[in-house]
Amino acid sequence: MSLSNEYFDIYNQYVKFINNIKREVKFIQKLKTKKKEVATEEEVKAIEEENTIESDIKQRRPASKVYNFSNGDVYIGTVIDGKMSGKGIYTFLEGIEYSGEFKDNMKDGNGECIFTNGNMYIGEFKEDLMSGIGKMVYSNGNEYIGEWCSGKRHGVGVYTWSDGCIYFGEFKYNKMEGIGECYDHEKELIYKGEWKNNLAHGKGTYIWPNGKRYEGEFAHGKKHGVGIFYIDDELVYEGTWKFDKPSICNRTLDEIFSYIK
1 MSLSNEYFDI YNQYVKFINN IKREVKFIQK LKTKKKEVAT EEEVKAIEEE NTIESDIKQR
61 RPASKVYNFS NGDVYIGTVI DGKMSGKGIY TFLEGIEYSG EFKDNMKDGN GECIFTNGNM
121 YIGEFKEDLM SGIGKMVYSN GNEYIGEWCS GKRHGVGVYT WSDGCIYFGE FKYNKMEGIG
181 ECYDHEKELI YKGEWKNNLA HGKGTYIWPN GKRYEGEFAH GKKHGVGIFY IDDELVYEGT
241 WKFDKPSICN RTLDEIFSYI K
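Reminder that position 157 of the sequence shown reads as 157 in full-length UniProt numbering, one-by-one numbering, no gaps.
Derived from the structure by calculation, the hints contain no laboratory data. Wrong hints could be hidden among the right ones.
Said to hold, decoys possible - Within a straight-line C-alpha distance of at most 25 Å, the following computed PhoX-like cross-link-like pairs (lysine-lysine) qualify:
1) Lys-45 <-> Lys-34
2) Lys-172 <-> Lys-152
3) Lys-126 <-> Lys-175
4) Lys-126 <-> Lys-65
As the list claims (entries may be wrong) - Here are the simulated distance ranges between beta carbons:
5) Pro-62 <-> Gly-221: 53 to 63 Å
6) Lys-187 <-> Ile-231: 16 to 26 Å
7) Glu-6 <-> His-185: 49 to 59 Å
8) Lys-22 <-> Trp-208: 37 to 47 Å
9) Gly-202 <-> Glu-6: 15 to 25 Å
10) Lys-35 <-> Thr-116: 26 to 36 Å
11) Cys-165 <-> Gly-239: 24 to 34 Å
12) Ile-231 <-> Glu-143: 12 to 22 Å
13) Cys-165 <-> Gly-132: 23 to 33 Å
In this text, a Cβ means the ideal position worked out from N, Cα and C, and glycines have one as well.
Start from the sequences and build out the full structure, keeping to the hints where you can.
Now the structure itself:
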């Protein structure tokens with residue numbers, strides 16, 4: 001079974017967008033290789049204290065400089081009115097590095113951030129947080145590409161595990177929640193429907209690789225409520241389910257059959 005055309009198209013749009021940002025970041029990272037004037041102590045202090053330095057020289061295009069801060073951080077880029085604004089590279093003493101756009105001393109616009117835990121994010125930022133379209137490559141090999149809000153996976157996105165399994169769908173505050181589809185490592189559909197807190201929850205369809213299929217209600221990852229079970233498209237059972245098993249009068253079929261002598 002092929003991947004959903006709807007989500008596949010969205011995924012391709014995300015990839016194209018991220019590739020454009022990669023080209024921007026690559027250009028910004030060239031600042032490292034070019035010789036730059038080192039900012040004066042007064043200029044550095046102005047940024048640290050968020051003050052504005054008065055100057056008789058008005059530049060249409062501020063020059064990039066190297067700013068060595070008192071806490072050990074280093075910024076290479078442009079400063080406007082005493083604040084990091086424009087394109088630049090900020091390296092934190094602990095090793096985090098951000099290459100991209102700044103506004104008023106904050107990461108704002110397109111950029112790439114490499115974290116000390118090995119994670120790497122490339123995409124949009126807003127007021128220092130990952131917001132907009134972005135891609136996170138996690139140190140464990142997992143990946144997420146899609147919408148972000150205030151530093152969290154939020155909106156429509158695609159999460160790929162290192163073993164090849166994929167989730168296409170909605171996220172809320174880092175959790176799979178809303179409508180989504182899950183595929184195995186062979187890109188075969190496993191589940192399609194509603195999600196809550198990373199689990200199948202609500203109405204959905206679960207598909208086994210051997211022709212079995214369940215359509216109905218789920219609760220916290222279990223087949224629970226009213227549902228229909230098929231084998232090779234032939235109806236086998238229709239009725240209530242409780243914690244993954246068919247249930248009649250609040251008893252599983254196994255329990256009912258055990259009463260039959």
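Now the hints, each set against the structure:
no., hint, result
1, Lys-45 <-> Lys-34, "holds (24 Å)"
2, Lys-172 <-> Lys-152, "holds (8 Å)"
3, Lys-126 <-> Lys-175, "holds (21 Å)"
4, Lys-126 <-> Lys-65, "holds (24 Å)"
5, Pro-62 <-> Gly-221: 53 to 63 Å, "holds (54 Å)"
6, Lys-187 <-> Ile-231: 16 to 26 Å, "holds (23 Å)"
7, Glu-6 <-> His-185: 49 to 59 Å, "violated (21 Å)"
8, Lys-22 <-> Trp-208: 37 to 47 Å, "holds (39 Å)"
9, Gly-202 <-> Glu-6: 15 to 25 Å, "holds (19 Å)"
10, Lys-35 <-> Thr-116: 26 to 36 Å, "holds (28 Å)"
11, Cys-165 <-> Gly-239: 24 to 34 Å, "holds (31 Å)"
12, Ile-231 <-> Glu-143: 12 to 22 Å, "violated (35 Å)"
13, Cys-165 <-> Gly-132: 23 to 33 Å, "holds (26 Å)"
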